[in-house]
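Protein chains: 2
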Amino acid sequence: MFRTENEFVRWIRSLAGRPGGRARLGIGDDAALVEEAAGQELILTTDLTLEAVHFRRDLHPPRAVGHRALARSLSDVAAMGGTPRFALVSLALSRRTTRPWVEEFYGGFAALAKRFGVRLIGGDTAVVAGRTMIDVIVAGEVPRGQALRRAGARPGDQIFVSGQLGLSALGLRLLKSRSSGQLAGWPTAVRSHLYPEPLCALGRYLSVRRLASALIDLSDGLSTDLARLCQASGVGGRLWSDLIPRPPLDGSQENLDLALHGGEDYQLLFTVPPHQVSRVPSHFRRLPLSRIGEIERRSGVRLAGADGRLEPLIPAGWDCFRR
Amino acid sequence: MFRTENEFVRWIRSLAGRPGGRARLGIGDDAALVEEAAGQELILTTDLTLEAVHFRRDLHPPRAVGHRALARSLSDVAAMGGTPRFALVSLALSRRTTRPWVEEFYGGFAALAKRFGVRLIGGDTAVVAGRTMIDVIVAGEVPRGQALRRAGARPGDQIFVSGQLGLSALGLRLLKSRSSGQLAGWPTAVRSHLYPEPLCALGRYLSVRRLASALIDLSDGLSTDLARLCQASGVGGRLWSDLIPRPPLDGSQENLDLALHGGEDYQLLFTVPPHQVSRVPSHFRRLPLSRIGEIERRSGVRLAGADGRLEPLIPAGWDCFRR
Chain A
1054 MFRTENEFVR
1064 WIRSLAGRPG
1074 GRARLGIGDD
1084 AALVEEAAGQ
1094 ELILTTDLTL
1104 EAVHFRRDLH
1114 PPRAVGHRAL
1124 ARSLSDVAAM
1134 GGTPRFALVS
1144 LALSRRTTRP
1154 WVEEFYGGFA
1164 ALAKRFGVRL
1174 IGGDTAVVAG
1184 RTMIDVIVAG
1194 EVPRGQALRR
1204 AGARPGDQIF
1214 VSGQLGLSAL
1224 GLRLLKSRSS
1234 GQLAGWPTAV
1244 RSHLYPEPLC
1254 ALGRYLSVRR
1264 LASALIDLSD
1274 GLSTDLARLC
1284 QASGVGGRLW
1294 SDLIPRPPLD
1304 GSQENLDLAL
1314 HGGEDYQLLF
1324 TVPPHQVSRV
1334 PSHFRRLPLS
1344 RIGEIERRSG
1354 VRLAGADGRL
1364 EPLIPAGWDC
1374 FRR
Chain B
1054 MFRTENEFVR
1064 WIRSLAGRPG
1074 GRARLGIGDD
1084 AALVEEAAGQ
1094 ELILTTDLTL
1104 EAVHFRRDLH
1114 PPRAVGHRAL
1124 ARSLSDVAAM
1134 GGTPRFALVS
1144 LALSRRTTRP
1154 WVEEFYGGFA
1164 ALAKRFGVRL
1174 IGGDTAVVAG
1184 RTMIDVIVAG
1194 EVPRGQALRR
1204 AGARPGDQIF
1214 VSGQLGLSAL
1224 GLRLLKSRSS
1234 GQLAGWPTAV
1244 RSHLYPEPLC
1254 ALGRYLSVRR
1264 LASALIDLSD
1274 GLSTDLARLC
1284 QASGVGGRLW
1294 SDLIPRPPLD
1304 GSQENLDLAL
1314 HGGEDYQLLF
1324 TVPPHQVSRV
1334 PSHFRRLPLS
1344 RIGEIERRSG
1354 VRLAGADGRL
1364 EPLIPAGWDC
1374 FRR
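First to last, the sequence lines map onto chains A and B.
Numbering follows this note's numbering, in which position 144 of the first sequence is assigned residue number 1197; successive positions increment by one, without gaps.
Numbering follows this note's numbering, in which position 83 of the second sequence is assigned residue number 1136; successive positions increment by one, without gaps.
These are calculated hints, taken from the structure and not from any lab test.
A couple of the hints might just be wrong.
Unchecked claim - Ranges of calculated distance between the beta carbons of each label pair, as one might list FRET restraints:
(1) B:Val1062 / A:Pro1153: 34 to 40 Å
(2) A:Arg1355 / B:Arg1168: 45 to 51 Å
(3) A:Gly1092 / B:Arg1071: 42 to 48 Å
(4) A:Asp1111 / B:Met1054: 26 to 32 Å
No residue lacks a Cβ here, since even glycine has one placed at the ideal position from N, Cα and C.
Modelling step: build the complete structure from the supplied sequences, incorporating the hints.
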């Protein structure tokens, strides 16, 4: 482990590189400094990544922990239709942590940050007796008035989702089963879980083309996040279970459950006004965009089965206060 | 405790109030939105407040924990010469936490935020089996080019400090001794520890009047923070122990040790070019400003005793990596 805070700060500064562009001051002062721009709105988001809650040392390689910790916040910026710019990391490191773990963690973080043009400009560090806790703050931008919100969906709007749902939960299940044979059979699911790809380009596309009336990222599960979008918009919704894109297991109920409640997919869920539906492409950069339902005036979300019967869809995704 | 995340979010939204002014979107969406301003630089800082590291449930009332968690970040903004504007809170709550604890915590946070005109616009929440962890992010602003940094001190500059040093460490010691008689005798020390006052007005004053060549807040202790300022400026410094303002204990070495290494005073330490020294007032709003030393070309910090003998001052304040 690092012997002093100064040693750690020197190391992380060398990793982050010199501040440049609009970042006037990075790691190593009391705070970071960034030049503001007229006509832009600043997007601020912060996401916790906690050992034993969001990752397990025996399942998640440190590189994946670093990637996932940043991906959570980048996905929030995607969900506003914005562009991520800067990141800060608060890290409460367990005493048991080794220096290679920290280096791999930041390696995964930095690789994703670089791909998205995100500069690490600050943070805080502590060492604790208990478990490791990470908080990643991302500052992004969106031209004034172009941000997409959870509120904005209207009755009649069509509900779309990107990608496949339930892959991440499936990947986690496979990792837990530790069956390497099974893992090899599902590289996509395991990869989706360990290295989710934030969909910032898709978020910007929806914002710039003004295709979506509301947007949210799927971090806690479709049933929970769609309920949030509907609540924020003051509407309800109806989903067709047949249309929900999910990994091709043997068509079981379990398969649908993963897609409805699995969480951590970081796909984008958005609503499109009827007259715009024809402008939504079937794919965005190879990622399928699927119409899965419709916004309704009555509150609550209902799921239509293959037989057409409607059942209430109870939010059963991730909720930190529920035991 | 709250039963669901939605219930918590509704409660915290009512506490934070509606977004307004330049805050376009607050708690309850994927991220917060803030309008940017031309000619301003954004100050971003994040500070961890950890149970068993920064506070103890048996010593620190939850109201003080909320106050201190925000004060740490406000002090960083003060240390840049800026004005705090917005805050986000990431909260990993121990399962043992009660709802009254959370309400008091946010009560202390909100009272300080209100006094400083800081709006709570976002955050993240989780429940954990272990200890409570808080990360407070503050976004502030400073007119372009006016930020004061750790770098900038030149040989010959005079070293100033605000207030008294060692009061917070003394207050913590009194709290630990649990002697209520002693506590009553030192209300200032206990108050300094539990409810430190961020010095944003002093920071702005130094910046606007262009009095200081370098500035840092004293969070980890004078010996550690002055070493950081000197290192960032590529200089060294000399302190006169007689001039260091400290609580009037019985003139013991212990008394000086608290002032040198105590930490958590959140006073401002700044350097002033010789031709500006006469413009530094003796007090800023009743807070004494004391000249305690001088910047030197040779690296390292030395302490001159009452007999004039110079000894190296080893940084012995808070360092999270040191056991």
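Consistency of the hints with the structure:
1. One distance hint, 34 to 40 Å for the beta-carbon pair Val1062 of chain B and Pro1153 of chain A, holds here, with the actual separation near 38 Å.
2. Arg1355 of chain A and Arg1168 of chain B have their C-beta atoms about 48 Å apart, which keeps the hinted 45 to 51 Å range intact.
3. One distance hint, 42 to 48 Å for the beta-carbon pair Gly1092 of chain A and Arg1071 of chain B, is violated here, with the actual separation near 24 Å.
4. Checking the proposed 26 to 32 Å range against Asp1111 of chain A and Met1054 of chain B shows it holds: the Cβ atoms sit about 29 Å from each other.
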